[in-house]
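Undergrad: The residues making up each chain are set out below.
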Amino acid sequence: MSTKNVKEIVEFCQAIFEDINFTKAREWKEAVPGRKVIGYMPVYVPREIIHAAGMLPLGILGGGADMEVIHGDAYYQSYICRIPRSTIELAITGRLDFVDGMMFPSICDVIRNLSGIWQLLFKDKYVRYFDTPQNFDDNVGGIFYGNELRELKEGLSKLGGREIRDADIRRSIAIYNENRLMVNKVYDYRSNAPWKAPSAEVYLLMRAGMVLPPEEHTRLMQEYLAAAETENRSRRDNCRVVLTGAFCEQPPLPLIKSLEMAGCYIVDDDFMLVNRWILGEVSTSGDPIANLASAFLHHSAQTAAKYEVDMKEKGSYLLDIIRKRRADGVIFAAPSFCDPALLDQPMMVSRLEALKIPYITMQYAENSGQMQPIREQAGTFADSIKLWGAP
Amino acid sequence: MSKPEVVKSNSQIVQKEMIRRNYDKITSGRVKVSSTFVPGNLNELLMCFDIANNLPEINAIQNAMSKKSGEMITEAERSGHSEDVCTYVKADIGMMAKGNIAPNGKPFPSPDMLLLSYTGCFTFLKWFELLREQYKCPTVMLHVPYAADGHPTKNMRDYIVKQLREEVIPAMEKISGIKFDIDRLREYLRKSAKAEDDLVWMLEQSKRKPSPIDCYFGGVYYMGPIFTAFRGTDEAIDYYKLLRGEIEERIKLGLCAQTPEGEMPEEKYRLVVEGPPNWTSFRDFWQMFYEAGAVVVASSYTKVGGVYDYDNFRHDPDQPLESLAEYCLGVYTNRNLPTRVDMLARNVVEYEADGLLINSIKSCNSFSAGQLVIMREVEKLTGKPGAFIETDLVDPRYFSAANVKNRLESYFQMIDQKRRAGGSAALAA
Ligand code: SF4
Ligand code: SF4
Chain A
193 MSTKNVKEIV
203 EFCQAIFEDI
213 NFTKAREWKE
223 AVPGRKVIGY
233 MPVYVPREII
243 HAAGMLPLGI
253 LGGGADMEVI
263 HGDAYYQSYI
273 CRIPRSTIEL
283 AITGRLDFVD
293 GMMFPSICDV
303 IRNLSGIWQL
313 LFKDKYVRYF
323 DTPQNFDDNV
333 GGIFYGNELR
343 ELKEGLSKLG
353 GREIRDADIR
363 RSIAIYNENR
373 LMVNKVYDYR
383 SNAPWKAPSA
393 EVYLLMRAGM
403 VLPPEEHTRL
413 MQEYLAAAET
423 ENRSRRDNCR
433 VVLTGAFCEQ
443 PPLPLIKSLE
453 MAGCYIVDDD
463 FMLVNRWILG
473 EVSTSGDPIA
483 NLASAFLHHS
493 AQTAAKYEVD
503 MKEKGSYLLD
513 IIRKRRADGV
523 IFAAPSFCDP
533 ALLDQPMMVS
543 RLEALKIPYI
553 TMQYAENSGQ
563 MQPIREQAGT
573 FADSIKLWGA
583 P
Chain B
1296 MSKPEVVKSN
1306 SQIVQKEMIR
1316 RNYDKITSGR
1326 VKVSSTFVPG
1336 NLNELLMCFD
1346 IANNLPEINA
1356 IQNAMSKKSG
1366 EMITEAERSG
1376 HSEDVCTYVK
1386 ADIGMMAKGN
1396 IAPNGKPFPS
1406 PDMLLLSYTG
1416 CFTFLKWFEL
1426 LREQYKCPTV
1436 MLHVPYAADG
1446 HPTKNMRDYI
1456 VKQLREEVIP
1466 AMEKISGIKF
1476 DIDRLREYLR
1486 KSAKAEDDLV
1496 WMLEQSKRKP
1506 SPIDCYFGGV
1516 YYMGPIFTAF
1526 RGTDEAIDYY
1536 KLLRGEIEER
1546 IKLGLCAQTP
1556 EGEMPEEKYR
1566 LVVEGPPNWT
1576 SFRDFWQMFY
1586 EAGAVVVASS
1596 YTKVGGVYDY
1606 DNFRHDPDQP
1616 LESLAEYCLG
1626 VYTNRNLPTR
1636 VDMLARNVVE
1646 YEADGLLINS
1656 IKSCNSFSAG
1666 QLVIMREVEK
1676 LTGKPGAFIE
1686 TDLVDPRYFS
1696 AANVKNRLES
1706 YFQMIDQKRR
1716 AGGSAALAA
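Here the protein sequences line up with chains A and B, keeping their order. Per the numbering used here: the first sequence = residues 193 to 583. Per the numbering used here: the second sequence = residues 1296 to 1724.
Just chain A, with the same shape it has in the complex (with noise of 0.2 angstroms):
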């Protein structure tokens, strides 16, 4: 067991995130003469397929607060949330070049319509819009998606000149069970005591996960939560709250900071669901495109880009999580111009309003600036649930 101590586990991490030429991602590809690496979008790809192909799947969540926008508003409109322009930016001023192929997650028709963009400007590359069933039956929906990671896994077999074997799927399968169980640990061990894994951190941890492969990610985990607990960390009289609508464009760190020095400890959120998108293991045994498939129909997370078909199941997810985290009240935090966060609010909203449930709304681009505003609004929420209490 490594003793690295916290502070050097999150500016690794920190390192990581701040680094938008993916040094990490290159190293890993230089390693090995023609090693692959897939880069794919917010929601949710089956890594697994990647991984099992060889390739490293690289998570990209636009260019971050920090980048300097240049050439991506000739791209989109002012009415346009910011990731696509950022993630423009990225590549077309090199800093994606070594990346092989891309894939865009049926989230929403800005993602749909990026993966044009490339088809248009990256011809090179390997490109996939990836479609994932809105019908849950295993006969329906689940045969066409499993046509479609059939189809997914003889893609990136032509592009990696080999064949993708059953049994690489099961074993990446089970690397991923591992990931998500750590990344679940490292969730519940958040929740049970924020004061010791500050969000801010937990965050760096998991956009960690985005870059490097799963394997050295759970290792990463394991270390830090050895380490957060040798740690001496003062409690704070935060409220605690779950924050959602964060799935796709990404608030500036600063912005997660700013609440829980404001007074909200975060015990749960939708960051990167794609760590936790499959509720539960995936089954390393039989088929492994079946158990994949399986888990996408019944055990995945609830969130705004997949049908509920069931009305009265609407927002369940999101109360089991408030009743897990012992949650006090919920901020709705959703990116400037998202359809999907914003759209889906107003029936989040009213399942919390039928519960007396606390929340608060707000919107941020992944390069807003101001957190003054940010501030006051969590600290009057966090005030308001202390001097009032949690239903």
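Mixed in with the good hints there might be a few duds.
Stated by the list, open to error - Below, in silico cross-link-like pairs of lysine-lysine (DSS-like), each with a Cα-Cα straight-line distance of 25 angstroms or less: (1) K1504/B <-> K1469/B; (2) K504/A <-> K1536/B; (3) K516/A <-> K578/A; (4) K1547/B <-> K1502/B; (5) K1502/B <-> K548/A; (6) K1449/B <-> K350/A; (7) K1536/B <-> K1504/B; (8) K1536/B <-> K317/A; (9) K1474/B <-> K1457/B; (10) K1563/B <-> K1504/B; (11) K1504/B <-> K315/A; (12) K504/A <-> K1431/B; (13) K1536/B <-> K1489/B.
Quick caveat, the hints were computed from the structure, so don't treat them as lab data.
With chain A held as given, fit chain B with the ligands onto it using these hints.
TA: Below, chain B with the ligands alone, put in the same frame as chain A:
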């Protein structure tokens, strides 16, 4: 100054009458009603169950044209809907809050089903989840995958057909109490194809010089019956026959496109337009074109319900469910950007247009995200200049007449310059 009275052709009067009749049917209380979306709609299938087809986009358009949508949108925003999302959704929700009155003045009944045909637009998914909260009626999802590689795959087709067989049709049977009869569907599809032939003929007449029709502002009227509740009926066949006759007459007389103020005296500019029109100032918007002598010879908006001319799609009675699947998959916004670029560039070339104008709609990421790239690609492929304007669908706050007019005037000047120079395209900002 009041505007001169609108000059209407026979077909326009008939078309208006058809839309009115559909509203009377929906609000009669005597039929089952399904709400569903325009793109790739399943009108023929709904007809097999005697279910009337209520299209919320059309309601929003009607409310915008009668200047009511602004208040409705504000109402929805007051109740917690974000300023940033599609105004069709907010106009619909605001309309409900204001008594849910149909354009014929009668209240809309609560729908018996929400047919969530999820085709070409993410917002649809949320829109009907939101309506379901109000109506609490059966909601049936038909997920149409995105044709991301430019051509639908067998997996996509099979998935749609399976959903139709196992989810959509059984739900419609249950709601209507009518058993599905595939021969009835075949008959409707046969009629659809007949009307579609005349429709494509009509679209192609604007290749002529001068063009006898405007395929954007005029086009939205011409597309009405096929994209709403009439595809598959004799009425639609008759309407397109009548329209065809009128256009043939215009061609014979050598007339330019018809406008609300009569024939356009001279055709100076020929444009291809990408994106939906603005509805709150529809007539003012149109006027800016016809007053300058600009006619739209082709537009992507006339493909919003389904695409017939690009790859020659017709509904096929011999493959009824497969053909419905194909129709949904082929919807313009369900096609990837390279295909949209190819379609528009071909339009510019084949219709001998002066260039591509994009009307970028704030509400609509499905159309708008990527349009700046589309414009540059079409410019590259055709050597013709493009231009970009920004408006909204049904939100009057986002139509700035002065800005739009300025932009258009500079665009027309640019076209003039290019003609004089006879050289290569100037790139529009
Ligand atoms: S932030 Fe929202 S709207 Fe923008 S790309 Fe992501 S999901 Fe789509
Ligand atoms: S986003 Fe566009 S396609 Fe979707 S409902 Fe709104 S206007 Fe229609």
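Undergrad: Please work out if K1536/B and K317/A have their alpha carbons no farther apart than 25 angstroms.
TA: 48 angstroms, violated
Undergrad: Between the alpha carbons of K504/A and K1536/B, is the straight-line distance 25 angstroms or under?
TA: 48 angstroms, violated
Undergrad: Next pair to validate is K516/A with K578/A; report whether the Cα-Cα distance is within 25 angstroms.
TA: 20 angstroms, holds
Undergrad: Check whether the Cα positions of K504/A and K1431/B lie no farther apart than 25 angstroms.
TA: 10 angstroms, holds
Undergrad: Starting from K1563/B, check that the Cα of K1504/B is at most 25 angstroms away, please.
TA: Given pair K1563/B, K1504/B holds - Cα atoms ~10 angstroms apart, limit 25 angstroms.
Undergrad: Could you grab the alpha-carbon distance between K1536/B and K1489/B and see if it respects the 25 angstroms cut-off?
TA: 10 angstroms, holds
Undergrad: Given the proposed pairing of K1474/B with K1457/B, does the C-alpha separation stay at or below 25 angstroms?
TA: 18 angstroms, holds
Undergrad: Verify the proposed pairing of K1504/B with K315/A, using a straight-line Cα cut of 25 angstroms.
TA: Outside the cut-off at roughly 37 angstroms; violated.
Undergrad: Under the criterion that the straight-line Cα-Cα distance not exceed 25 angstroms, is the pair K1502/B, K548/A satisfied?
TA: 62 angstroms, violated
Undergrad: Next pair to validate is K1536/B with K1504/B; report whether the Cα-Cα distance is within 25 angstroms.
TA: With Cα atoms ~22 angstroms apart, K1536/B and K1504/B stay inside 25 angstroms; holds.
Undergrad: K1449/B and K350/A: Cα distance at most 25 angstroms?
TA: Answer holds: K1449/B to K350/A is near 20 angstroms, not above 25 angstroms.
Undergrad: Is the Cα-Cα distance between K1504/B and K1469/B 25 angstroms or less?
TA: 53 angstroms, violated
The structure is inconsistent with the numbered hints 1, 2, 5, 8, 11, although it conforms to all the rest.
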